[in-house]
Amino acid sequence: MNVRNALLSAASAVALGSSASAMECGTITLGSAISLTGKYATNGVHAQNGYEFAVSKINESGGITVGDKCHHFEVVYYDDESKGDRGATLAERLINQDGVQYMLGPYSSGLTKAIAPVTEKYRIPMVEAEGASRSLFNKGYRYLFAVLSTSEQYLASAITLAAEKAKATGKDPSEVTIAIAVENDPFSLDIRAGVLEHAGEHGMRVVLDEKLPRDLSDLTAILTKVKLVRPDVLVISGHSKGAATAVRQIGEQRISVPMIAMTHCEAADVTGNFGEFAENILCSTQWAETLTYEDPIFGSAANYNAEFKAAYPEYAEKPVPYQAAQASAAVYVFKDAFERAGSLDREAVRDAIAETDLASFYGQIRFSEAGNNIAKPMVLRQIQNGRYNVVAPSAFASHDLIWPRP
Amino acid sequence: MTMRRLVFYGALLALSLAAPFLFPAFKTQLATLWLMIIVALSWDMTGGQMGYNSLGNIFFYGTGMYVAAVITIAIAHDVGEYTAASGGGIYTWTWGQYFAGLVIGTLGAGFFCAVCAAVIGWITFGLRGPYFAIGTLGVAIAAGELVSNWDWVGGGQGITMPNYPGDFERFKLLIYYLFAALGITLFVFVSWLYSTRFGAAINAIRDDEEKAEAMGIHTLRYKMVTWAMAAVFVGAAGAVSAFQLIHFEPLETAYQTINLGIFMVVCVLLGGKGTLWGPVIGAVMFHAFKEVTWSYFLGWQWIALGALIVVVVVYFQDGLMGYLRQRRPDWFGMRVDAGETP
Numbered sequence: 001m002n003v004r005n006a007l008l009s010a011a012s013a014v015a016l017g018s019s020a021s022a023m024e025c026g027t028i029t030l031g032s033a034i035s036l037t038g039k040y041a042t043n044g045v046h047a048q049n050g051y052e053f054a055v056s057k058i059n060e061s062g063g064i065t066v067g068d069k070c071h072h073f074e075v076v077y078y079d080d081e082s083k084g085d086r087g088a089t090l091a092e093r094l095i096n097q098d099g100v101q102y103m104l105g106p107y108s109s110g111l112t113k114a115i116a117p118v119t120e121k122y123r124i125p126m127v128e129a130e131g132a133s134r135s136l137f138n139k140g141y142r143y144l145f146a147v148l149s150t151s152e153q154y155l156a157s158a159i160t161l162a163a164e165k166a167k168a169t170g171k172d173p174s175e176v177t178i179a180i181a182v183e184n185d186p187f188s189l190d191i192r193a194g195v196l197e198h199a200g201e202h203g204m205r206v207v208l209d210e211k212l213p214r215d216l217s218d219l220t221a222i223l224t225k226v227k228l229v230r231p232d233v234l235v236i237s238g239h240s241k242g243a244a245t246a247v248r249q250i251g252e253q254r255i256s257v258p259m260i261a262m263t264h265c266e267a268a269d270v271t272g273n274f275g276e277f278a279e280n281i282l283c284s285t286q287w288a289e290t291l292t293y294e295d296p297i298f299g300s301a302a303n304y305n306a307e308f309k310a311a312y313p314e315y316a317e318k319p320v321p322y323q324a325a326q327a328s329a330a331v332y333v334f335k336d337a338f339e340r341a342g343s344l345d346r347e348a349v350r351d352a353i354a355e356t357d358l359a360s361f362y363g364q365i366r367f368s369e370a371g372n373n374i375a376k377p378m379v380l381r382q383i384q385n386g387r388y389n390v391v392a393p394s395a396f397a398s399h400d401l402i403w404p405r406p
Numbered sequence: 001m002t003m004r005r006l007v008f009y010g011a012l013l014a015l016s017l018a019a020p021f022l023f024p025a026f027k028t029q030l031a032t033l034w035l036m037i038i039v040a041l042s043w044d045m046t047g048g049q050m051g052y053n054s055l056g057n058i059f060f061y062g063t064g065m066y067v068a069a070v071i072t073i074a075i076a077h078d079v080g081e082y083t084a085a086s087g088g089g090i091y092t093w094t095w096g097q098y099f100a101g102l103v104i105g106t107l108g109a110g111f112f113c114a115v116c117a118a119v120i121g122w123i124t125f126g127l128r129g130p131y132f133a134i135g136t137l138g139v140a141i142a143a144g145e146l147v148s149n150w151d152w153v154g155g156g157q158g159i160t161m162p163n164y165p166g167d168f169e170r171f172k173l174l175i176y177y178l179f180a181a182l183g184i185t186l187f188v189f190v191s192w193l194y195s196t197r198f199g200a201a202i203n204a205i206r207d208d209e210e211k212a213e214a215m216g217i218h219t220l221r222y223k224m225v226t227w228a229m230a231a232v233f234v235g236a237a238g239a240v241s242a243f244q245l246i247h248f249e250p251l252e253t254a255y256q257t258i259n260l261g262i263f264m265v266v267c268v269l270l271g272g273k274g275t276l277w278g279p280v281i282g283a284v285m286f287h288a289f290k291e292v293t294w295s296y297f298l299g300w301q302w303i304a305l306g307a308l309i310v311v312v313v314v315y316f317q318d319g320l321m322g323y324l325r326q327r328r329p330d331w332f333g334m335r336v337d338a339g340e341t342p
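Those protein sequence lines, which keep their order, are chains Y and Z.
Here the working numbering is used: the first sequence runs in plain steps of one and ends on residue 406.
Here the working numbering is used: the second sequence runs in plain steps of one and ends on residue 342.
Treat the hints as calculated values from the structure; they're not laboratory data.
Since we're looking at a predicted model, the values are computed, not measured.
Treat the hints with caution; some may be incorrect.
Straight-line distance between alpha carbons at most 25 Å, and here's what the computed BS3-like set of lysine-lysine pairs gives [what the hints assert, rightly or not]:
(1) Y:211 x Y:225
(2) Y:121 x Z:27
(3) Z:172 x Z:27
(4) Y:121 x Y:165
(5) Y:171 x Y:227
(6) Y:121 x Z:172
Just the calculated beta-carbon pair ranges, DEER-fashion [what the hints assert, rightly or not]:
(7) Y:29 x Z:170: 23 to 31 Å
(8) Z:192 x Y:99: 40 to 48 Å
(9) Z:10 x Y:368: 29 to 37 Å
(10) Y:29 x Z:80: 52 to 60 Å
(11) Y:375 x Z:295: 36 to 44 Å
(12) Y:205 x Z:138: 35 to 43 Å
(13) Z:92 x Y:29: 45 to 53 Å
Idealized CB from N, CA, C, for every residue including glycine.
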């Protein structure tokens, strides 16, 4: 922590040249309840790092110009312990006790679902980066905006790939069998819904449809069933902890399925933690450092990747998780909206956010009426020799799919 | 009722009604205080007055939440489509639909929970002592797991209620007065109930069930009716909580066996089991303690709470009221003849 802060403040001192300009700037306080403990802690920390990185990056590049006055961001955090009711209480606390007027999202769809009614009641604009379930966007919330793509898109291209491979080997896609094992939470249930929709289009058969145990710490029973039903595709979704447990136990139990697709591989650092076991697994990602997006604050995606690693050395040996990148993008949306609104009036800022059409290092950001980002595609990467290579969709693919998985 | 008592109760009632205006920043905390009073008082109906320590009363709270949610959603929309993980559409409620949901949902929750209590009671009241406690806890845990795997009500996603269609501060007032009305009704009801033959009968069950049975009391019927009456209030309180919280999930909010499910027992132990005022005073003490630790000792709150539970269970088993009764029996109308030795 201290090393990181020292690096950040050194960087900002250099960028600002003098501290005088910082003195004249006002402060815009953002608030966030985030999972620093509990089962979502890994990703909660990724998201917080993403927020903090963006805040220091934006502040050191001149802050936010509202009208003709400059402002700096600061963020107040509370630990929601990965619990929804706690998150909702803390959101009230941020708004009532800390006087926060603008919120950044928590981690996970579940926590976002718990907090969104609170921000909605108080008419507090919330730009969130970590809640992807489509069930968030049918409540008619006016103050909720999400920079990420919705969950059904995560593993859709894996199903398309499975259909293509079936055709290539002379089989009909409808002969492909799928096993699904997902966490019992809004995000993963929507992953499942998306996979079912796409599998249905190809007439594929779902041979196993299981929910992961609540604490995500043992999948042995499910994997034993997978061994028995021998599916062509295995889909797993359970945030970072689920991904870590799955990869470890797939390796230990020598599960051999031609295609394994899951979420949160990078966030769980499955290559660093489990090496060989993670080979050829397909991982969905909202963002990759190899993509050709860029913006004036963070530079290119590759530049974001490099600077983030410099600011947070703990990521030096592993990929920067997209959870951090999209968290930064959420802060960037606020900067852009404040500047376009030209005022600190909450309704004006809310309207400006709704009209966002922002090219960023994270991809294009444009919100639908319901508040989700409809301008950015998802990509699918495969772990090949310990590296994450984009294999789908074909417009972004840099490598060929390795199939079947040995 | 003496004049002094009348003044005392009148002042308390006035304070209860004025509280959200006296402390406008604490409306939500005050509403939660009433919730604690309701669950503690209703727990004491079986736990303190009848001698059946249930650890499963949280079942009625969670079930009340879900009944209210399903009724409110069903009034305006298709429940299965609304709760689907795949989303789609935009769902809104009119004022009329919202309030119809609030009224029918709360009453329906109370009624449904009473029926559940009678059915579950019929099965579990054969158990005594710790077996009853564990048996009812099992019911609550199983119900939470069942609901969290029931897709029609959203499964592990939880379920989202409509937002209040009007001004938010008014909404908080509404929730406060709903809880307060429930709490006051419950208090008046139990203070009447304990003075009747019915009250004497359930006390007899607590003191010696075999003897009560021998005296001609149909114990199972009394036990089922008592638990059903408690369930009405817990279920209705759950329904109001559902409207208050808006989004809740099955295991950590609705069927929260380890939080509210235990807190209600701690409240009663703190105040004094089997007394009219014990659960109320215990709930106030507990809630104050919890709010203070959550606000000023964040990070240590669970340790502080654990320490409180240990201290209460080890040193104050009879609670504050029990302690007072022992020290000042004359306050409770008991005569102690000083100076006379047996």
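Verification of the supplied hints:
| no. | hint | result |
| --- | --- | --- |
| 1 | Y:211 x Y:225 | holds (13 Å) |
| 2 | Y:121 x Z:27 | holds (15 Å) |
| 3 | Z:172 x Z:27 | holds (6 Å) |
| 4 | Y:121 x Y:165 | violated (49 Å) |
| 5 | Y:171 x Y:227 | holds (22 Å) |
| 6 | Y:121 x Z:172 | holds (11 Å) |
| 7 | Y:29 x Z:170: 23 to 31 Å | holds (27 Å) |
| 8 | Z:192 x Y:99: 40 to 48 Å | holds (46 Å) |
| 9 | Z:10 x Y:368: 29 to 37 Å | violated (56 Å) |
| 10 | Y:29 x Z:80: 52 to 60 Å | violated (41 Å) |
| 11 | Y:375 x Z:295: 36 to 44 Å | holds (42 Å) |
| 12 | Y:205 x Z:138: 35 to 43 Å | holds (37 Å) |
| 13 | Z:92 x Y:29: 45 to 53 Å | violated (32 Å) |
Checked against the numbered hints above, the structure violates hints 4, 9, 10 and 13; every other hint is satisfied.
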